[in-house]
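Novice: Each chain, written out:
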Amino acid sequence: MYAVFVAVIVMVVLAADWGRLQRVFFQWDIARDQLPEIITIAARNTVLFTLIAFGGGLAFGVLLALMKLSTVAPYRWVATAYVEIFRGLPALLTIFAMAYAVPVAFSFRPPGGAVGAGLIALIMVAAAYVAEIVRAGIQGVPKGQAEAARSLGMSPNRTMFSIILPQAFRIVIPPITNEFVLLIKDTSLLFIVGTTPAMKELTTYSRDAMNTAGNATPLVMGGLLYLMITIPLTRLVAVLEKRQARSR
Amino acid sequence: MTLPDQLPNDVPAIEIVDLRKSFGALEVLKGVDLTVNPGQVVCVIGPSGSGKSTLLRCVNLLEEPTSGEIRVEGIDVLDPDVDIDRVRARIGMVFQQFNLFQHLTVLRNLTIAQQRVLGRKKEDARQVALANLQRVGLGEKVDAYPAHLSGGQQQRVAIARALSMEPDMMLFDEPTSALDPELVGDVLDVMRSLAASGMTMMVVTHEMGFAREVGDELVFMDQGVIVESGHPREVLAAPQHSRTQAFLSKVL
Ligand SMILES: Nc1ncnc2c1ncn2[C@@H]1O[C@H](COP(=O)(O)OP(=O)(O)O)[C@@H](O)[C@H]1O
Ligand SMILES: [Mg+2]
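One line per chain: the protein sequences are S and A, in this order.
Quick note: the first sequence uses the working numbering, first residue 1, plus one each step.
Quick note: the second sequence uses the working numbering, first residue 1, plus one each step.
Pulled out of the complex, with its shape left as it was, chain S reads as follows (with noise of 0.2 Å):
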């Protein structure tokens, strides 16, 4: 096996034309146009917005959570319906129709003009994902728990809060981190809605600095930021899975 994958790596090597590969994507004076805006601008507003998706997903979720745990029927059902619709949909649909079929609908203007609906539709789709991860969390924690809580006389919100979620939240801390990878990249979904120079994130400006400059210098450059982002998060996910293992 690893014989025919030398042979593959080597075909490759040789087959490529180097010359014209470096001319297509990387260039060095293109790639020094882009500095610093491309980390200043576009690395910082990619963070900025997967930071603002995930916090209000985080909260909105764990409220989903709820809902679909609570012995009030109506509310399990409401949350159960949410939950099947914002994960059956694209991510790309959600942003497009908070962007423009909302606004059109029911006359309303997300603060932060597009981007802004675009960032509440991931804090929606967020949310979705978000509550599934930390149901399970909750269903993770043993029954005795609560048992133990309501028989010192807590009361079920008492309970849930101060007992069962703390200790759901470590069982989910590798999901949820996974949960916010994913959400990295999905702010490049946000080159949909178009946007202000201020507001670009990595996708969108790549594809835009791509355009002017007639190569795909920037793309290159955009992809290893995102990897120099994902990367070290995914290798801690894999480092608290293991962690967590062991506790076991």
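It should be emphasised that the hints constitute simulated quantities derived from the structure, not laboratory data.
This structure is a prediction, so every number in the text was calculated from the model and none was measured.
Beta carbons are placed, not taken as given, at the ideal position from N, Cα and C, and that holds for glycine.
For each label pair, taking beta carbons as the anchor points, the in silico distance ranges come out as:
| no. | chain 1 | residue 1 | chain 2 | residue 2 | range |
| --- | --- | --- | --- | --- | --- |
| 1 | S | ALA81 | A | GLY74 | 43 to 51 Å |
| 2 | S | PRO156 | A | ASP79 | 17 to 25 Å |
| 3 | S | PRO156 | A | GLY31 | 27 to 35 Å |
| 4 | S | ILE231 | A | ALA178 | 42 to 50 Å |
| 5 | S | ARG207 | A | LYS122 | 50 to 58 Å |
| 6 | S | ARG44 | A | GLY137 | 53 to 61 Å |
Sample of chain S residues lacking proximity to chain A, with all beta carbon distances greater than 10 Å (derived):
| no. | residue |
| --- | --- |
| 7 | ARG32 |
| 8 | LEU58 |
| 9 | LEU69 |
| 10 | GLN139 |
| 11 | MET210 |
| 12 | ILE229 |
| 13 | THR234 |
With a Cα cut of at most 20 Å, we get these calculated EDC-like pairs of lysine to aspartate or glutamate:
| no. | chain 1 | residue 1 | chain 2 | residue 2 |
| --- | --- | --- | --- | --- |
| 14 | S | LYS143 | A | GLU64 |
| 15 | A | LYS30 | A | GLU64 |
| 16 | S | LYS143 | A | GLU63 |
| 17 | S | LYS143 | A | ASP85 |
Chain A with the ligands: place on chain S using the hints.
Specialist: Relative to the frame of chain S, chain A with the ligands by itself:
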């Protein structure tokens, strides 16, 4: 308005009348009557699956009875107007699996309900917690997390946690069944001294020695009914019912 601690002495701590409980089609308790008087230690024995845990868990409504009456210090706990959280705060419960709060230190395990349920000041709660930790012989473990304690230590912390609420009575559900044999003694010692201090106790157990020495009454359950009850020495030495005889011949 009479305060609870001024109730006349003849009000039972726990009074159970014709208690029935079904899980779906399975009837687990088939009409149980039991009275526990203040200061009494009632031990409940019986084969696995006979309904001992369910009976105990009905007392503080961790299980909802299907029918029957349960009064705790004269209060009908099945009355929808009764604040069950306040009743539970007066009933300590100790579980087979300890159920310490894994994310909290020993001290916090002992103070959280004192502060959140009883409204005690942080420092007052800490003093009560430390005194109870001393009482179970674990004063040096205040800052430990449960995962770093042995099973026997965890169970003693669980007892201290229940005692920190200064309950009027304690329920024990096989408190030593999950422990390595060499750790059982320490837990039984704590329970013994608790009984000696006059605590009202209802104890589901397989420890016949403990039941004989400490119990004021022994209750034998089988298939959802109380088959036989009486003074522990008498029941253990001369069981009247054939099912009791069969059970005791297996465990003694
Ligand atoms: N939550 C539950 N749902 C369904 N069946 C249960 C539940 N809890 C207990 N049972 C059943 O009730 C019977 C009595 O259980 P339990 O009270 O735990 O017995 P014991 O403590 O004497 O071993 C058993 O057959 C058990 O399977
Ligand atoms: Mg049991």
